[in-house]
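Peer 1: The primary structure of each chain is shown beneath.
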Amino acid sequence: MKRLFLIVLFALLMFAVIYIWSKSYYTSQEEAYIELSIDTEQAFIPSEKGVFERSEYALDYAKMPEDKDHQRTLKTYYNNRAFHGAPPSIPHPVIDDLTIGGKSCLKCHQNGGFVSKFKAYAPVVPHPEKVNCRQCHVTENTKGVFKNYTKQDFYVPIEDNAAFVGAPPVIPHQIQMHENCLACHAGPAAPKEIRVIHPERSNCRQCHVVNNKELKDIGNFIR
Amino acid sequence: MSQKNIDRRSFVKKMATAAAMTAAASMFPGIIFASEQIENLPNGGNLEWKKGPCRFCGVGCGILVGVENGKAVAVKGDPNSFVNKGLLCVKGYHQTMCIQAKDRLTYALVKKNGSYVKTPISEALDIVANKMKETIEKHGKDAVAMYTSGQSTIPEGYVASKLMKGAIGTNNLDCNARLCMASAVTGFLTTFGADEPMGCYEDINHADYFITWGNNMAEMHPVLFSRMLEQKNNRGAKIIDFATRTTRSSMAANKSILFEPQTDLAVANAICYEIINNGWVNKLFVEKHCNFSKGSTNIGYGTEDKFKFKDKPVGINFEEFKKFLEDYTPEKVAKYSKVSVKDIKYLANIYGDPNKKVVSYWCMGMNQHTRGTWINNLVYNIHLLTGKISQPGNGPFSLTGQPSACGTAREVGTFTHKLPKGVVMNEKHRRLAAKIWKVPYENIPSKPTYHATEMFRAVDRGDIKFIWTQVTNPLVSLPKTSRYRPGMEKDSCFVVVSDVFPTPTSDVADVILPASWHIEKGGLYGNSERRTQHWDKMIEGPGDTTPDAWMTIEVAKRMGYGDLFPYSEENHVEEIYNEYIQFHEGAKHGMAPLEVLKKESGAIWPYVNGKSTQWRFNAKYDPACSNGEDFHFYGKPDGKAVIWQRPYEPAAESPDQEFPFWLNTGRVIEHWHTGSMTRRIPVLHKAMPHAYVEFHPDDAKTLGIRNGEKVKVTSRRGSCTLPASINQRGLPTKGQVFVPFFDESMLINDVTLDAFCPISKEPDYKKCAVKIERV
Numbered sequence: 001m002k003r004l005f006l007i008v009l010f011a012l013l014m015f016a017v018i019y020i021w022s023k024s025y026y027t028s029q030e031e032a033y034i035e036l037s038i039d040t041e042q043a044f045i046p047s048e049k050g051v052f053e054r055s056e057y058a059l060d061y062a063k064m065p066e067d068k069d070h071q072r073t074l075k076t077y078y079n080n081r082a083f084h085g086a087p088p089s090i091p092h093p094v095i096d097d098l099t100i101g102g103k104s105c106l107k108c109h110q111n112g113g114f115v116s117k118f119k120a121y122a123p124v125v126p127h128p129e130k131v132n133c134r135q136c137h138v139t140e141n142t143k144g145v146f147k148n149y150t151k152q153d154f155y156v157p158i159e160d161n162a163a164f165v166g167a168p169p170v171i172p173h174q175i176q177m178h179e180n181c182l183a184c185h186a187g188p189a190a191p192k193e194i195r196v197i198h199p200e201r202s203n204c205r206q207c208h209v210v211n212n213k214e215l216k217d218i219g220n221f222i223r
Numbered sequence: 224m225s226q227k228n229i230d231r232r233s234f235v236k237k238m239a240t241a242a243a244m245t246a247a248a249s250m251f252p253g254i255i256f257a258s259e260q261i262e263n264l265p266n267g268g269n270l271e272w273k274k275g276p277c278r279f280c281g282v283g284c285g286i287l288v289g290v291e292n293g294k295a296v297a298v299k300g301d302p303n304s305f306v307n308k309g310l311l312c313v314k315g316y317h318q319t320m321c322i323q324a325k326d327r328l329t330y331a332l333v334k335k336n337g338s339y340v341k342t343p344i345s346e347a348l349d350i351v352a353n354k355m356k357e358t359i360e361k362h363g364k365d366a367v368a369m370y371t372s373g374q375s376t377i378p379e380g381y382v383a384s385k386l387m388k389g390a391i392g393t394n395n396l397d398c399n400a401r402l403c404m405a406s407a408v409t410g411f412l413t414t415f416g417a418d419e420p421m422g423c424y425e426d427i428n429h430a431d432y433f434i435t436w437g438n439n440m441a442e443m444h445p446v447l448f449s450r451m452l453e454q455k456n457n458r459g460a461k462i463i464d465f466a467t468r469t470t471r472s473s474m475a476a477n478k479s480i481l482f483e484p485q486t487d488l489a490v491a492n493a494i495c496y497e498i499i500n501n502g503w504v505n506k507l508f509v510e511k512h513c514n515f516s517k518g519s520t521n522i523g524y525g526t527e528d529k530f531k532f533k534d535k536p537v538g539i540n541f542e543e544f545k546k547f548l549e550d551y552t553p554e555k556v557a558k559y560s561k562v563s564v565k566d567i568k569y570l571a572n573i574y575g576d577p578n579k580k581v582v583s584y585w586c587m588g589m590n591q592h593t594r595g596t597w598i599n600n601l602v603y604n605i606h607l608l609t610g611k612i613s614q615p616g617n618g619p620f621s622l623t624g625q626p627s628a629c630g631t632a633r634e635v636g637t638f639t640h641k642l643p644k645g646v647v648m649n650e651k652h653r654r655l656a657a658k659i660w661k662v663p664y665e666n667i668p669s670k671p672t673y674h675a676t677e678m679f680r681a682v683d684r685g686d687i688k689f690i691w692t693q694v695t696n697p698l699v700s701l702p703k704t705s706r707y708r709p710g711m712e713k714d715s716c717f718v719v720v721s722d723v724f725p726t727p728t729s730d731v732a733d734v735i736l737p738a739s740w741h742i743e744k745g746g747l748y749g750n751s752e753r754r755t756q757h758w759d760k761m762i763e764g765p766g767d768t769t770p771d772a773w774m775t776i777e778v779a780k781r782m783g784y785g786d787l788f789p790y791s792e793e794n795h796v797e798e799i800y801n802e803y804i805q806f807h808e809g810a811k812h813g814m815a816p817l818e819v820l821k822k823e824s825g826a827i828w829p830y831v832n833g834k835s836t837q838w839r840f841n842a843k844y845d846p847a848c849s850n851g852e853d854f855h856f857y858g859k860p861d862g863k864a865v866i867w868q869r870p871y872e873p874a875a876e877s878p879d880q881e882f883p884f885w886l887n888t889g890r891v892i893e894h895w896h897t898g899s900m901t902r903r904i905p906v907l908h909k910a911m912p913h914a915y916v917e918f919h920p921d922d923a924k925t926l927g928i929r930n931g932e933k934v935k936v937t938s939r940r941g942s943c944t945l946p947a948s949i950n951q952r953g954l955p956t957k958g959q960v961f962v963p964f965f966d967e968s969m970l971i972n973d974v975t976l977d978a979f980c981p982i983s984k985e986p987d988y989k990k991c992a993v994k995i996e997r998v
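Protein chains in written order, with the numbering used here: chain A, 1 to 223; chain B, 224 to 998.
Simulated from the structure, these hints should not be mistaken for laboratory data.
Note that CB positions come from ideal geometry on N, CA and C, so glycine has one too.
Since no wrong hints were added, every one of them can be taken at face value.
Simulated crosslink set (DSS-like; lysine-lysine; CA at most 30 Å straight-line):
id, chain 1, residue 1, chain 2, residue 2
1, B, Lys555, B, Lys565
2, B, Lys568, B, Lys957
3, A, Lys23, B, Lys558
4, B, Lys364, B, Lys780
5, B, Lys294, B, Lys821
6, B, Lys308, B, Lys811
7, A, Lys23, B, Lys546
8, A, Lys49, B, Lys957
9, B, Lys461, A, Lys130
10, B, Lys273, B, Lys294
11, B, Lys461, A, Lys63
12, A, Lys130, B, Lys455
13, B, Lys455, A, Lys192
14, A, Lys49, B, Lys924
15, A, Lys49, B, Lys580
16, B, Lys565, A, Lys49
17, A, Lys63, B, Lys455
18, A, Lys117, A, Lys192
19, B, Lys935, A, Lys49
20, B, Lys308, A, Lys192
21, B, Lys478, A, Lys49
22, A, Lys49, B, Lys579
23, A, Lys23, B, Lys545
24, B, Lys579, B, Lys546
25, A, Lys49, B, Lys461
26, A, Lys130, B, Lys957
27, B, Lys308, A, Lys63
Here are a few chain B residues that sit away from chain A, every Cβ distance over 12 Å (derived from the structure):
id, residue
28, Lys335
29, Lys506
30, Pro577
31, Gly783
32, Pro829
Derived CB-CB ranges, DEER-like:
id, chain 1, residue 1, chain 2, residue 2, range
33, B, Gly293, A, His70, 46 to 52 Å
34, A, Tyr26, B, Thr552, 16 to 22 Å
35, B, Asn930, A, Glu140, 34 to 40 Å
36, A, Glu30, B, Ser849, 48 to 54 Å
37, B, Gly851, A, Ser28, 52 to 58 Å
38, A, Glu56, B, Asn303, 29 to 35 Å
39, A, Ser28, B, Pro536, 42 to 48 Å
40, A, Gly85, B, Asp759, 43 to 49 Å
Just chain A, with the same shape it has in the complex (with noise of 0.2 Å):
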């Protein structure tokens, strides 16, 4: 008996040590492959991606009630601007000289707020990627100016950019570092103005298109 399962065990082992002899050769035969791997690169389109960002907080931008007593308007929005689409200064004291965007002005300015030492929301940054604010945004450290100069009135398009009553209006501005529509247009932020009746239409370019892709007047299409 003992025999019996000595043999039978040693035929086994046989079997198994012919199987997975066989089953490696063969594998071996086969021809040896290895897979393409191909850069899939991520492609970016700045201007057209833009307009999607933060169309995750549209519909709470929708549903948000309007704050009547703490809105901005247009008049406060150009009061720190030198013309139409210049950089805003900043309008409040700044503690830390020293630190740039990412540590102190992201964490106001990326997703807004109710600020209430300044009874005020917070505008929200349509470029937060842009973490050095402040070489573009100086705070004002003085009234005065070092020798008087004539203040240049500037146009502000927000009356006349519709073609007519009930149309889309067109974007008056240019959309570079301003891809993101949702940051300037909705929220509690933004100036009453501009402040966009359907934010939860996330697709804005859709129906509003840029009325100023070549700088200067290029008149109507002539043949």
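Once you've looked at the hints, dock chain B against the given chain A.
Peer 2: Just chain B, lined up with the frame of chain A:
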């Protein structure tokens, strides 16, 4: 929706509130609006709002046109329309502004001694009719041709077909929808035996995944894309963009997968391979409702004149199909498609998961393809193998480009081989047409003649001696215009062009007929989801402008066919529609009666017992299903859909040493096709003033090209100089350039190739080889 004498301010206020409330009620309870903005809307005026479909794309949004003192002054989305629910795109909102363009064609112009002479319309129509008659007498019926449009209204297409096929007796009628939808039609016919999508736009509300095949919906079907985004934001539906170019759609999508041009054929097969290999086949569905078949291979590209091809289908079984797919494992396909194995498996996983609802969308990427019919078949294969078809939120959906490519070109049948019901090759179909048209049955020839490309080749060869184009601008939109422009300029062919504005096509015309624009006439359009929409004339057109249908009827009368066209000028739209719908009677294609269409914002056919059929072939929704099963593909005699074995074959022309770049062409959101309307709308022109050639930044760097710099794009056919665009609207893959075709002063179609799908005869505008030079 017509309301009179309401103060504009209060009306606009109401309209904004109403539209917002509709949206709010359905999606966002508790929504609050910037009420001050609405309060500050300007005052005054009386607007009357009139309902119709949008003039532009195949989505077929409902619009309301604000008319004041007989002038169209405003446009808004129709909140009652199931298509767009009150939303439009930038083209839609500004559409009526084009009619105020100063160079509008308001009188007929007849070329006399090389210059155009203003001519009364009736005299111009006399000239057209006489010339047509004279040409037929001298050179035979097949020397005259008509080339119409997927933007023609249903009555316009119907009278054109009746005149050419019924009265004159020639099949020389084709339309520009050949350039955009023909592959979709042959795809549907080969797989299902019945044209047009089985699903509808409501699928968007149910699907978990939207997979777009070579389709930039954010720009081309923006309203549908917005509906998809709504679902993405509200309930986490996912958008997968599968394309050869990174676009606005890719930016909004959850995932963007890029492939090498033409390899979509291989990837689709690889997806089928994965589905079968992983046991994701819906066996019961396939056994009950599908057959397997294969067709001819190495079928050519049609670049030569008088090219002929006939497919020879052979039935196969599942095992043979499975064997065939072994050439398309993800590993093999990844090597030449440049799609990673992981991404192919990812796509297959989505289709294969029985708990996920998937809609596939496509438009020109798959249709303008030298294997357009095949790739349509292949995507149907995926949906048939998994049984994801004809159910809410599950199905393949072929989007159309033009507003009535379905309604007119496909349903009325303004193709050389088509009749309003069926095809000219079928005796029964010819007899039915002859009976309704009241013409002798022998009048309708049984052989198709020229498809679009071949029609213009015949003009160039001198075989066609008279051509009348309506609602289309072939000398901007045909491929290889570098051949067809000189062809149409030849004296051998008399060219009549009906249009609203002067175009490069009207420049070569002998007679230019001034057409009424969209809302200056009544009509019917049929959109992608089988929805027929009617509109009444809203305003008067200027000068001698006349509806295209009425011009066709007037010419028919002058040629002596008055008895066949007994319509009245005021009511011809209704009379023609009522005659036309006799063709489609029955549960499979019944059309909604006019009273319904006047009242509602469109109805979907088959319209049976006062109800639209939203999902065809599904017994739960479609009363035409009669086999007692859950599904019935009644387009085929045995009630079964066909799963086709279609291989990968290369493009007609691929980049080589001399011409190292792929050229892809397409559209932009601001412009409609050849731009003859939208470029005359200041808002749109300012947003997109001219065409451009897009580069991948790496290619631009290698070539030393900077943004805005003039660049010459040259192929074996011709060349075109445009400013370069880098990192702007879109981003082609490396080795590819993209040019939009709307700009008549930068004619990229001088460069494109007139190769077409041998089955559908639809040209491929997306692939040819070019070289790039700095100017």
